[in-house]
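Colleague: Could you build the full structure based on these sequences and the hints that come with them?
There are 2 protein chains.
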Amino acid sequence: MEPATSASTASISATRLVVMVGTPEVDRPAYQWLSEAVRSLVADGRLLHGTRLPSERSMVAALGLSRTTVTRAYAELRDRGYATARQGSGTIAVLPGGPAAGGAEPVPMGVPGSAPAGAIDWRSAAPPAVAGLTSAYARAGEHIGRFVSGMGYFPVGIPEIREAVAQRYTERGLATSPDQIIVTTGATEGTAAAAQVLLGRGSRVIAETPAYPNSLVTLRREVSRVVPVPITWDGSDVGAWESATVGSGARAAFLTPDFHNPTGALLDAERRDQLAALWRRHKLTGLVDETLAELVIDDLTMPAPMAAFATSAVTVGSVSKMLWGGLRVAWIRAPRNLIGPLTQARMSIGLGGPVMEQMVAADLIRRGVGSDNERRDSLRSRRRVVMDGIHEALPDWTTVAPPGGLWLWWRLPVPRSTALVRAAREEGLLMLPGSTFAVAESGLEHWVRTPFALPEADLTEAVVRLARAWARVT
Amino acid sequence: MEPATSASTASISATRLVVMVGTPEVDRPAYQWLSEAVRSLVADGRLLHGTRLPSERSMVAALGLSRTTVTRAYAELRDRGYATARQGSGTIAVLPGGPAAGGAEPVPMGVPGSAPAGAIDWRSAAPPAVAGLTSAYARAGEHIGRFVSGMGYFPVGIPEIREAVAQRYTERGLATSPDQIIVTTGATEGTAAAAQVLLGRGSRVIAETPAYPNSLVTLRREVSRVVPVPITWDGSDVGAWESATVGSGARAAFLTPDFHNPTGALLDAERRDQLAALWRRHKLTGLVDETLAELVIDDLTMPAPMAAFATSAVTVGSVSKMLWGGLRVAWIRAPRNLIGPLTQARMSIGLGGPVMEQMVAADLIRRGVGSDNERRDSLRSRRRVVMDGIHEALPDWTTVAPPGGLWLWWRLPVPRSTALVRAAREEGLLMLPGSTFAVAESGLEHWVRTPFALPEADLTEAVVRLARAWARVT
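Top line first, the protein sequences correspond to chains W and A.
Numbering of the first sequence is given in my numbering, commencing with residue 1 and proceeding in unit increments.
Numbering of the second sequence is given in my numbering, commencing with residue 1 and proceeding in unit increments.
Quick caveat, the hints were computed from the structure, so don't treat them as lab data.
Keep in mind the model is a prediction, meaning the values are calculated, not measured.
Quick reminder that beta carbons are idealized off the backbone N, C-alpha and C, glycines included.
Errors might be hidden in some of the hints.
Stated by the list, open to error - Which chain W residues face chain A? A few, computed with CB under 10 Å, are given here:
no.: 1; residue: A129
no.: 2; residue: A140
no.: 3; residue: A192
no.: 4; residue: M347
Modeller: Here is the structure:
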């Protein structure tokens, strides 16, 4: 599992590494501090597996610590499996065991296989873990002992996470108490439980098209028909909602108001109000997907959550895009009268998620991790790489920069989305055609989604391959 | 959250504590070793919150270490919040934050509320975490870094746990490869996914009665009718299965062959073979609940897993009873031709469980934790406390000692199960009436289940309260 070393091995300068490790701690030997700081950078994925570390000499100069300290720290890194020394290559940071393969967010046509060697996977759009995740795990590990003398079942979640999520809703403008929160293992489980309660078999649901395909799979299991409402970059039109609703017999409406997947649209407060009024008139319950809501990129005043307008709505939120998909922590927020039935539905498909991740997620939410400025700057910069890159390479493609979220939704000048995706695969770029997102499961040949969750170097290369693929198609 | 101290505070002798902490490690200061060993006992629940530690003087004598070492270790325990010193009471071991409330395995009539003060909860039957869980978490924490650069979604499970589970099936006599394992978040999720694939709406399923009520809730969501087959201590009768099957139109059979819940019955190899032949003749697929299979108590040769007899069967297993419910790691084992459809079904209700617990469970399964002799001795001893206690106090109640599992199933001399449960509540003992386990959701008034997963002192007291309750009823 050792990384290949070659002339092209990434490296980090002593100046940069010194900034990343911060300042020495006074209460223990400096070599221990340095070794642990570097280990934590590697474990957190901020210092990538295979990066060449600065020479000991340059670290001594940059840190202002003794040669002995740096030598001992590097030796300890090697002893613990976080570095290897190779003749002529210096010291290489490694992750013990190497990075794990796989882990992409699944798409409904099946679990994405591991991409062919060298391919860039643009089918999914979830970021890697936030910095600080491994230390949050370590902190939670210190407290897991509080739970081990019990059986470990918390079907609606441990108090800590219910409180943290309720508090965050309240901060966002929707007063919420912890007993309105049911923790689920991912948003899909929350959507499945909510669909059981709100929809009932053979009923109808109104949903935006395009939409997140995994949610459509879950909704289709419960209902006889999904009635589509079109949505583009600027959100769905209240008039279109009204036409779809009248005479549809639908009992519920599925909506992603905060950075819609895949259009990136943010529904403004005025339309939230109008939609809520429409739902009240037609006795529809809103089922609101808020999994992207914390991924704000632009400086803007966010409208209050949809359930502040439609008080009977059931909201599904998640830390998967905000902190890490591998935590599998999500929740349902609902009015109190629905908590009982939702708990029963949730228990028919699972008796609760693990305790540890709920502690980790509660800890990080309380610290504001995942919705901080650093995350925002990184998303803004990645969005720019994809947007500017495609505008330059493919000037007849059009889009509108989404104010948040993880993807751009492009309109192609000719309806060749499926052909493009086929050609892109030949170029080593895996994508989903527009039809994947269509409620009708076909059409949307004029559209394609480009995520911007990957590292910038990968995004730049993805744009190059995309342009080559488009040239083959047209 | 500090424990009350009183004359009745539990204490531990220096001799006993010295055995539990093991031998000093040579590569670091003895005080650090001692402090960490005690912390780990407290975190693992082996040294209970509120236990009075031996005096420093007696530890010095028992350990053969210096007074300074013991004093520093005790000071470090206090500094880290794992001990408090109180005038006249010595040093008390505490869990930082105190033990968490709740965590009982839920029962289908709702999430069990916290029991009234002083009540013993005999409604659920899951043990606390195995010893060694917190160190397994610490080991897994060292490796979580391998996963954080990916998105963290593993809808069928990470390779490590699929391999460990497949290996364990092979050891138990059922050759299995990792690609036949789909990891789920608890057995209920596995049962829900399997029910989607095997049953289909409006179909029928044959199931033993009594049965695990959470599974019945999940099955009822998919089928029009659950056709019952009676089962008692010695398992279900193949003739009864045949009568229930012929003309039922059922497509699947739900079975718990290894320490059935609640009867504790173990299905022998001969009947496994006969049942498998019956299923083949009638084109039934077996849905096998194996969540108790590793909880063997008596010295016996276990028959091979049911799927070794019925090769088309789908099996659901879990670590909840074997390691800890709070891990929420379970799996489906299926023939290869069903893995695709089962994966799709699993993804319609959730996109996978967290990475961390899969690492922890794989680690512990590979080490044989949870099916070891220590666990077996503890279960045997607890079974004896309940069995002998009830035989003595209520000589006209009858049972048969189950060869494994976590409960005894008693036949009452008169059909007063519901009345007994009501009276038991008055005595501070929470139980479930026999009807909870009935497929028909009523009846079984002659029966009651007594779990033996609790600490022995609680079990002894539970039997006293049970006898008092029965006296009120008769």
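Colleague: All hints are to be evaluated individually against the structure, with a verdict given for each.
Modeller: These are the hints, each one checked on the structure:
1. A129: 4 Å, holds
2. A140: 9 Å, holds
3. A192: Cβ of A192 (chain W) sits 5 Å from chain A, so the hint holds.
4. M347: 6 Å, holds
Every hint from the earlier list agrees with this structure, and none is contradicted.
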